[in-house]
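Chemist: Take a look at the letters that make up each chain.
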Amino acid sequence: MARIELQGLVKDYGKIRAVHGIDLSIEDGEFVVFVGPSGCGKSTTLRMIAGLEDISGGRLLIGDQVVNQREPKQRNIAMVFQNYAIYPHMTVGQNIGFGLYTSGLSKVEKQKRIAETGKILGLEQLLDRRPAALSGGQRQRVAIGRAMVRDPVAFLFDEPLSNLDAQLRSQMRMEIKSLHRRLGTTIVYVTHDQIEAMTMADKIVVMRDGHILQVGTPTDLYENPMDVFTARFIGSPSMNIIAGSASAGALSVSGAELSGLALPAHEGKILVGIRPHDLVVTEEPGGAGLNSQGVVEAVEPLGAETLVHVMLGDTQVIATAPGRVVPALGSTVSIKAGPGSLYLFDADTEKALGRA
Amino acid sequence: MTATTPSSTELAANSRNIRPGRIIAWTLLLIGGLIMVTPLLYMFSTSLKTSGQVYDLRLIPAAPTLDNYVKVLGDGRFMQWFFNSTFIALTVTASNVFFDSLVGYTLAKFRFRGRYFIFLAILSTLMIPTEMLVIPWYLMSSQFGWLNSYWGIMFPGMMTAFGTFLMKQFFEGVPDDFLEAARVDGLNEFTIWWKIAMPMVVPAISALAIFTFLGNWTAFFWPLIVTTSKELYTLPVGISSFSAEASIQWELIMTGAAIGTIPTLIVFLVLQRFIVRGVMLAGLKG
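For the record, the sequence lines run as chains A and B. In this text, residue positions in the first sequence follow our numbering: the first is 1, and each later residue adds one. In this text, residue positions in the second sequence follow our numbering: the first is 1, and each later residue adds one.
The reader is advised that the hints may include incorrect statements.
Pair ranges (Cβ atoms, derived) [as the list claims (entries may be wrong)]:
#1 Ser162(A) x Leu133(B): 45 to 53 Å
#2 Phe98(B) x Ser106(A): 47 to 55 Å
#3 Gln125(A) x Trp151(B): 52 to 60 Å
The hints are simulated quantities; they were obtained by calculation from the structure and are not laboratory data. Each residue gets a CB set at the ideal place from its N, CA and C atoms; glycine is no exception.
Please take these sequences and the hints and turn them into a complete structure.
Modeler: Structure representation (structure tokens):
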């Protein structure tokens, strides 16, 4: 196990800079998830850690060693790929054992390790099968097994669940999480799925355009996003963003009444963020916070709750109603967000100003 | 479980489905098949005839005999030619599979300056006809002392542009993740190529091996030019020498040719699914 440290890490492809000097400390045994949209530099960063991409600038430390110039095999890390990358011409046992190809272990010791790994991952009965005869989840387990068997200092996962269906993805999330608890090995995990990030990470790293926007625990990022991008990226459904303005300590939002809110000192245009779960359809409007009425544009009954798309001024927002309440399309409903649930952002910089 | 048999109405419906266009197509295919197979049948037929019966064009010989086979197989030179052809075809095939794959893999999977230029240069050699190359090959062989040697026969075909092109195209289809996973697992580049990439392109290797083997097994022009001693003749050159002596011994030529087709037939029968796939992959080059 080892600590991984990124110091001003840069990646250039010709004249294009893909990663802009990022700094990050990943503690020993930590589960860190890089999250962001396609092209944000998260996979490139992971590949630099793995040694599959040259580092254009900065330093990468694994343990206390600078590993910029080291080959992947000299870094003692293991990687699980999006398409599993298990070899179709080898059996499950051979695939898992392939991680030990250069280990110098005896055949008996290799077999023992393969059997142990197979047992941990529930693959004992499948060791003689070929990958073609496995389900997606089983294939992913084989890929994890090949990574595990080497006892590496860190696991790198590159969107490993993207090819699985929703149900299997949820199951594998829990399996990877429990594997982490069991092994205690540092994990760096890349995904574009914020649910994966929220459910698995000890620490989430939000990236955009080759920059790290924010690093924190899932709760930190959910409760205290530092900008509009992170606020909208973390949380499902995405945070509603409504244009407003602040003047002389008063906040105004088109089509809504605001009262009893403590506002940060700011003058000018602002963006008001409200999470759909904080914006509720109510039959008792009024009180402190944001109150409004709007026409129902769409409803999404989810069972436990109903997502109600409502026009607030000229912006469509998503509010929530209890599961059994399904407002009629075109009807007018009252919506309300209590004090402390409004996230305020500077309209120009999109940086957080605080909550109201 | 009950077995289902087609009823008379189903059979009638099927026979109505046979359209005239299909009948014409089948007839043309049948004619084409007969045209292709007739020389082969005559070859086997003539090999079972005596010298006096050669011009009797009946397909089934009046008095079939295996004397020609006894004579040809008993001739030490024929077995030497058979060995020469086998050795040359196998060596050149192994060399092509190894070198064409290695170069194809390098061009497909590594990014380096001049990669595209090298590929174009290799590809451009496909445009030069063999006849144009024979004189430089001969001069080269002469200067290096390779005339009348196995190496002299084999060297022009040890690596081919076509094989390199075929393998490059195939390796491009191998996802990089497999190779990168092996890199992370600590394998060196040669082992990655050999252990991971090569097993993933077995159909292409089979196609390349078949084309190369058949091409070299039937090679005539260059072996005829580069060899002078009969001990080094390949099978086609040796068989042709039956006609260069006092008279043309058709029955012996056909017997030699019939024996010579056996490895080819075995290759076709064993690997026919790969041949079809290989031809599809390689366009029309055969």
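Chemist: If a hint holds in the structure, say so; if it does not, say that too.
Modeler: Each hint tested on the structure:
no., hint, in the structure
1, Ser162(A) x Leu133(B): 45 to 53 Å, "holds (51 Å)"
2, Phe98(B) x Ser106(A): 47 to 55 Å, "violated (31 Å)"
3, Gln125(A) x Trp151(B): 52 to 60 Å, "holds (54 Å)"
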